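Two chains, two separate frames, one set of hints: put the complex together.
Chains A and B, in that order, give the protein sequences.
For reference, each letter of the first sequence is one residue, going 202 to 740 in our numbering.
For reference, each letter of the second sequence is one residue, going 11 to 309 in our numbering.
FYI, nobody ran anything at the bench for these hints, they're computed from the structure.
All figures in this text were calculated on a predicted structure; none of them were measured in a lab.
Since no wrong hints were added, every one of them can be taken at face value.
Estimated spans, in silico, between C-beta atoms of each pair: (1) A:G375 - B:D234: 52 to 58 Å; (2) A:H477 - B:E279: 50 to 56 Å; (3) A:L359 - B:T78: 23 to 29 Å; (4) B:G163 - A:K457: 50 to 56 Å; (5) A:H357 - B:K36: 58 to 64 Å.
Backbone N, C-alpha and C fix where the C-beta goes; we use that ideal spot for every residue, glycine too.
If you want the building blocks of each chain, they are given just below.
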Amino acid sequence: MKKKKPVANPRPGFVLEVDRQTPSILFHHGEGFRLEKLPVGRSRVVYPGEPLRGLPDPDGAIRNALLNPIDDDPLPSLLKPGMKLTIAFDDISLPLPPMQRPDVRQRIIEAVLDMAAEAGVDDVHLIAALCLHRRMTDAELRHAVGDRVFEAFHPHGLLYNHDAEDPDGMVILGQTEKGETVQMSRRAAESDLVVYVNINLVSMDGGWKSTATGLAGYEGVKAHHNVHTLRHSRSFMDQDSSELHRSNWRQGEVIKAHGPRIFQIESTLNTNTFGHDGPMAVLQKREWEWSMADRAAFTAMQAGLERMPSGARRKVFHSWKAPYDMTSIQAGEVEAVHKRTTEMVYAQHLVPVQGQTDVLTMGLPYLTPYNVNSIMNPILVMVQGLGYFFNLYRGKPLVREGGVLIMSHPTPWEFHPVHHPSYIDFFEQVLADTTDPVEIEKRYEKQFAEDEWYRHLYRTSHAYHGVHPFYMWYWGSHAMAYLGQVIVVGGDERAVSRLGFKPASTLADALEMATDTVGPKPTITHYHNPPILMADVTG
Amino acid sequence: MMGWLKFITQPPATPKGLTKLEKTPKTGVHYDTAWAHRPAAKLIRRFGVWSFFKPAIAFYGNPRVVGTDRISNINGPVIFAANHHSHADTSLLLATLPSRLRENLAIAAGADYFFPNRFAGALSALFIGAIPIERTKISKLSLRNSQKALEDGRSLLIFPEGGRSPDGWSSEHKPGAAYLAKRCGVPVIPIYLDGTGSILPKGKNWPKRARCAVVFGHAMMIGDDENPRDFAKKVEKQVAELADEFGSGWWQARRNAYRNATPEPTGPEAGAWRRRWALGPKPGQRRSSSTDKRRWPEL
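Excised from the complex, chain B in its bound form (with noise of 0.2 Å):
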């Protein structure tokens, strides 16, 4: 019995002299998700989304959804380009989407963060409809990746800052989705999500209450002749005004954006403290409430 055992699992060597085959990686960048988007696990993601995604921002972020008329007209597929502050911005977003747009949506994540191992990835390719993105270098298999799901009618969301915020403040957007928008000639939809950094910040691991949103742009294509670094540029730009739009309003929003008064939404160039501060009290709160104390950089 013993001896059947050990035959199943011990691998026999390599005998001496031979290189040993090298297998292919399945987990990575390298995870196949074609299962995941198969109309069983399609199923499954619907039910999550029912049953886990929506209660929770609804509990967590009671957010207010501003724009979905800007996205009625659009069925996919789409390049939906957010801002991101925490891992509840994909929670915010499955719940918030309109249902035609949802139920066809692949999210470029992190290959090394959400792929580690082949569980790791099957939880994320099924519940969140998660394909795998090298972050930190250009690589042929993420292109592929993503590529596939727009050229099988997905949509994508991509988180072009490349990270969670680690301080409030956005980052400098990569020119990833702009390349794909000019490579499958499919528009770009700019999304501002705003409190959800509050909610489940970086390096934290539960979640707390607090008010969030987000607020759908108009969608954007690039230019046959356009380069994507500068389309890059633009889809910021918008994130950026909606931004303004969702603190000082619509109309003096469009009036900042003609006098590029558009406040930054990578904030200004300081030492962490003063990044911080500059990100001010949340619309109603007090800057010496006691709640702001913990707003404070930890250095």
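The following block holds chain A by itself, in its conformation from the complex (with noise of 0.2 Å):
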């Protein structure tokens, strides 16, 4: 069958007025999907803009990228024999869902080694620039940096996970003028060049955080992942009133100072997240554009969901890899081509909405950037809802303060004892004495972020680090102390309550639950995401 090519003019997002003639919205529902009528007069839907066109060449636009950078000198001129050279690249929580191959991370290494090779560079590493995340399996390096590199360089050591733990791999770079400590991997900091790959998926992705994260630890990061930064971060999409972007470009430019030098490299993807044909296709459309045959394929993906073992469906999901297409690529001096990037992420994500709204609604799918190949625990359910959407806004948020936000989710008491096993912990003992981030930040963080236990799991398995659920909790601490109430819709009603949220069996009985805090005939939105989009609040 011939490959359906995307449409010629992709159409805008924009806010649909529910009315009688609206059709059930599609609501992501973990593994699974809900159709839901929302009320007639006073809902609306945000809908995401059509996926761009892709960059018909882009082998072509990453050389050209390469060789005419922005703000620095080629990438050729930069690479001299006898040197030191760092590729670090983004981890598997880019993109969300993992891409077809080749990944673009792939294609740009490929083109900066072969500049590499052709200057006669033999010191090469390649770091998957992780921080405290877990480290990537051999086959998930594989599919990030494709076959070739993978072969060239895992067996000899020189591609492998960057590790924050390590007691003689680390080194502080020195202090910003407001005290925040900037670490860095040993191997970059002593590299003469360190070449960092980006996928920018959010507005929040790349810059200096790619470098003053990424290649940092424990001591580097709680600069900024803090209760404090990310309460002040409105919202930490938007780099002009993040805290947390602020904070990520002073340790930037201790970096710049004290560093090595940094080759940004930035690269953009369109929201093809379920491809214009194939199973999951319809997932793309909007509802009343649905055909006969999306419709029979709908019922039909449903009917086989719901009567599939959970662990089926996880493998079905995780399986899907997304047709995305790189629509621009810019590389040389950091904030020059973060500056770029950025208005990329907007040309794709942003979506103009007037006003507030009393109640939020979102359907949250099966996938955070902490649960590729793995469960989405309760802790990453929250995340997804008041850490990463919530967020996705640019001016104020979606929901007015004080409003109600209702995420559909199943929740299920459920971890993966090997990718998260200080969620457990988390989970079991901290939200159950308490959900406030700032008393937990003051009481628990210190004993779980240098437990040895974890340190290990995290060295040599594949475990986030024993800080990270915390760095969860607090993601959606601006939202938790925003918002009224928070409700979710057909969740396990015990997980939900450790979480401190209010569980619904529906969505018409979470709608009569939030008019306890709104009020009646509240306004409603539905954030309609995935694919990804950003709210542009003004009025």
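Listed below in structure tokens is the structure:
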């Protein structure tokens, strides 16, 4: 069958006012879906824009970006025989879902290495810049960098995961004017050149965050991964209003002064998450445009998923590889590059929305940055809703202060024992005691961050660092302080209650419950994501 | 009854004093393969690929396919230019090319070998999508056949060496593929095939099992002012680099390429036995193994 091409002129995102004609609206619901009718006359749905067209010649565009960088010298002129070159790249948390082969990282890294080979550079290391995330498996590394690079470097120990707890492998570069410590992988810090390869899925990705966070450890990231910084990042997707962004930029200044030379490469993807054809394509269409075949496919998919055991269902979803296209690539000086990248991300994601709402609804999908090939545990449900989706705004949040957030997700009391061991203890011990981020930070963070067993699992297994669930909780702290109530539809009651939220079995029940907080007949806005969108809220 | 049969089967003699009307030949390079690219024939060819070529190659060659990501954006028409060791090369490519490219593929096949008569020509055209090409001389008909395939939106597989390798080493590329690429404005995709010479070497009629591989390279476009002969050299160099990539890894191959240290695919200029010796044992195979004796040239 011939592959369907993307639409010639992608339509921008828009806001639909719900009326009697409006069909049931799709809500993602973990490894499943719900179709929900929204109240007529006071509801609206924010739809993402259609995927932008990809670059016709991505390899040519990459080469062009490396030869004509922004505010920097062409890459070949920075490469010399005998130099130490480190190529760092984003880890498994990007893009979401993982993309079909060839991954953008592979294309870029091959182009960089080709130039390094031409220049006669022998000392090359490739590092998955995962900070305190879990180590990538060999198969995941292979997928990211491709067979050729993997087979050339991995067997020789030259392609590896960053280890933020290696006592000899980390260095402190200095402190910012505000006393924030800047830490970096020793190999990167001692390199003549660090080439950082980014996939900028959302506007928060990239810039100085890549090196200042990706190649750092606990000492470096605790400067901004804390309740104070994250509560003052409104939102952390909006760089001008993000304290997280400002902190990373201050750390960037120290790297500029005392660290290695950085050559930044940033790429943007379109939102072709589910493809223009195939079994998942229906998820990318607007409901009233579903054809008979789409409706039949959706019904069959729902019926099949309901009958599947949860393990098989998870496997099916996690095997999906998105057919993303690269929409732009820029290289050179970090800040100049990131400015251009952000414009490209906004061009794909921003949807203008007029005014806030009383109740914000969202269907949470099966995936967050922290459960690729893993289980989306209750803490990750929280971070997906309150951390990521809530913060995908510019200007002001979609929901008014004191409003209600309704999320749809099964929220099972289930954890991946290899990937998320500290999450289990966080959920069982810490959240049983308190859900207040400030209290949690004060009383428990240090103990988990310095726990030798978690440290061991992070370094030798595939576990997230002991402190990681804390950061997840802080990630949602701005929303927790801002919202009047959070309700989870269709979730495990015990798990939802442990998170400090209210469980509801249907959307109608949840809307009824919401009136206790926001009064009768509230205005409702549904956030139709994924594919990703970012609300540009005015008025 | 017999008279009727005789009437049908025996042509009348040409009257004396008149020259016999010359027949348009229908074999060799004159064979018309248009019918073999109609939907029904394509369906049969698809059936042949799935029922014969794929299982046969899986059984005899257990192929390793490398570099499909490099052609993931390619939809055709393109020219595939591969080294040529064996008749198994065509089967290997039919079995391993992505279906979107295989469905619209024509294979430039030696007119003298694949189209000696109409029956053989029909089989070649039907089952491998062959189009006849003169191997020994430059002919307008060959060019026309190839150009028409590309203009019709089909991709073309060419073995630019002009024939199978007699000794395991590659021969110099002829400029035909490059000339066509220039004339039709299509890219050339270099391909390196490994191990097929052990499955069905030249001179053998029955295959034996041996591991094979196919390595796809990046698409190459000929420049507006570029001479096809120079471009043919570039394609040949790319195939050599792919061979090096397969043997010594991608990173080492890239470094070799920039140091002009890519091993020559044509082998040393030496006597037959030394050329054979220089091919060396296959990875994991010892020179002193009993099978190695059979790898000496038959002089």
